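For reference, each letter of the sequence shown is one residue, going 203 to 301 in my numbering.
Just so you know, not all the hints are guaranteed correct.
Stated by the list, open to error - Beta-carbon label-pair distances, calculated as ranges: (1) Ala-275 - Leu-218: 24 to 30 angstroms; (2) Ala-225 - Asp-263: 25 to 31 angstroms; (3) Val-205 - Gly-236: 46 to 52 angstroms; (4) Leu-210 - Leu-238: 34 to 40 angstroms; (5) Gly-294 - Val-207: 55 to 61 angstroms; (6) Phe-214 - Ser-252: 14 to 20 angstroms.
Simulated from the structure, these hints should not be mistaken for laboratory data. Note that the structure is predicted; figures quoted are calculated from it, not measured. For every residue, glycine included, the Cβ atom is placed at its ideal position computed from N, Cα and C.
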Amino acid sequence: MAVHVSPLRMYFGVFLALMVFTAITYAVALYDLGPLNNIVALGIAAIKASLVVYFFMHVKDATKMTGVVILAAIFWLAILVLMTGSDFYYRGAIGVPGK
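All chains should be modelled from the sequences, with the hints used to inform the complete structure.
Here it is as structure tokens:
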């Protein structure tokens, strides 16, 4: 197995990007975007998590199978989030008295 050595400049660049996204998250939190506040915050958090996984966890240097496993995990998470969201959305649709 070959050892991949990443340049220090790359780590500082990713760290700077994470700090910029943290500042953007803070700046967006100061404005009332209504229901979009959570969506924007989660979008920025997903970008930051992707940077951490790709660079700091060395997925960019890993095998193709690692990418397949990560995509499968993201797909499974999406299924869980969609099913939970549909349950929450249709909670009152049945019309059971007292619920």
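(request) Find the hints from earlier in the document that the structure breaks and name them by number, from lowest to highest. (result) none
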